[in-house]
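Trainee: For reference, the chains in residue letters:
Number of protein chains: 2
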Amino acid sequence: MLVVDDEPMVCEVVTAYLERDGFDVTQAADGRSALEALRSERPDLVVLDVMLPEVDGFSVLSQLRRTSDVPVILLTARTEEPDRILGFELGADDYVLKPFSPRELAARVRSVLRRSMPAASAPRLDFDGLTIDGATREVTCDGSTVELTPKEFDLLAYLAASPRQVFSRAQLLEQVWDSSADYQDPSTVTVHVRRLRKKIEIDPETPRWIHTVWGVGYRFEP
Amino acid sequence: MLVVDDEPMVCEVVTAYLERDGFDVTQAADGRSALEALRSERPDLVVLDVMLPEVDGFSVLSQLRRTSDVPVILLTARTEEPDRILGFELGADDYVLKPFSPRELAARVRSVLRRSMPAASAPRLDFDGLTIDGATREVTCDGSTVELTPKEFDLLAYLAASPRQVFSRAQLLEQVWDSSADYQDPSTVTVHVRRLRKKIEIDPETPRWIHTVWGVGYRFEP
DNA sequence: GGCGTTGGTGAACAATGCGTGAACTCGTCC
DNA sequence: GGACGAGTTCACGCATTGTTCACCAACGCC
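Chains as they are written, first to last, in the working numbering: chain W, 1 to 222; chain Y, 1001 to 1222.
No lab work stands behind these hints, which were simulated from the structure alone.
What you are looking at is a predicted structure, and each value in this text was computed from that prediction instead of being measured.
Treat the hints with care, since some could be wrong.
As the list claims (entries may be wrong) - To give a feel for the contact side, a few chain W residues facing chain Y, derived at Cβ under 7 Å:
#: 1; residue: Pro-53
#: 2; residue: Asp-94
#: 3; residue: Arg-137
Ideal placement from N, C-alpha and C gives every residue a C-beta, glycine not left out.
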């Protein structure tokens, strides 16, 4: 979850409320760093102020829409001309008028997430002897389908979405697991990786797909 | 599909979203050209802004209703609360408050289309031992017809229309149920699935058709 | 090759989410 | 207005899934 606002106060309050709701929040103060954060963090929702220094909210939104379907909630001042605002708001999934109550924002966030979370991103990944289908949540390994639990599937899908990239346990916990939990045991990841290997690897001792990078984390090898 | 709005920005964004959903879109900027387009194009759905120059949306709607049953979705500003009722009396099929998210509009469009053209959009689905006829809303299971309630049929038809794809409960609520309802209990879906299974499955405990995908949702297995 | 550090293993334990039955609301039809 | 059918909501039990922990094995720095 990414919060973009040049007013530190607003940023803080919004962040506090969202974190209280169990979300993991990244902040950005201007359009440029917002776009950077979007690339590096892969948030699953963006709260975006329209009035921003350097690159304004609308530009951020349109750039972001080129590559991503991530839900966006806009913050707009009540005073701006309605017509202009309307244009801005059209690429967004919801909007909140400033000044707003944090409670209302939190409610919108939940509502938008509920609407748009499950459907969107579900491409099909195809490797040599291993296919991962996001739509059916099915994994086939050398032709035969493999039954994976939800977390196992999510973990595999996340790793396979960025082949050869190394992810630390902490990173995986943050991305694949509900970031709501305060602190989680990194060994949780280890256990899931183990079970995953048992299911998709021919020889779990010497993995073909999920490699251990010592002292760092795991990597999916295509 | 015809989109009528005097704001080019709005028109463009709505068009973009609808085209992304595979619809063929014509645009009109005012009431007069909207009526012309209606005559020449014969769209199967109209998205109509109420505030229009020259001839306003309501006039367009009432003129249009003299000759056509085409589904209409009205766009109304959030402030014009009382007009809503007027719109419905005149024969609008749904309305969306401005400013709106394109995603929501697209959902309404799908919902209205589903309601209004049951025959065309619902061909006959034929699986091994199970047939679902959208035109007659009849389901036969191993030769014998099964009596389904409206919701049960809609649910089954929606699932079967995308075999093997997993749908979350929230997704099903949004698509099969009226998306206008702000919050609904996901367990509603569970119960309907149960009743559906009781009617079409030989052994409801180990379903042949509607599979549970743990932690995610349901999937129709052809 | 010793030794601290890091990852793997197995099993017990906790949390989650589904299925079930039954109660409830809301229309509609006699 | 009572009875029925459809749809929705709820509490509870249970199976599946997720997490934690103690212990062991593997690595790598020296």
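Trainee: Are the hints correct? Go through all of them and say.
Mentor: So, going through the hints one by one against the coordinates:
Proximity of Pro-53 of chain W to chain Y is violated relative to the hint, the smallest CB-CB distance being about 23 Å (cut-off 7 Å). Interface restraint check: Asp-94 of chain W against chain Y, minimum CB-CB distance 6 Å, threshold 7 Å, status holds. At a threshold of 7 Å, the smallest CB-CB gap from Arg-137 of chain W to chain Y is about 5 Å, leaving the interface hint in force.
The earlier numbered hint that this structure contradicts is number 1, and it is the only one.
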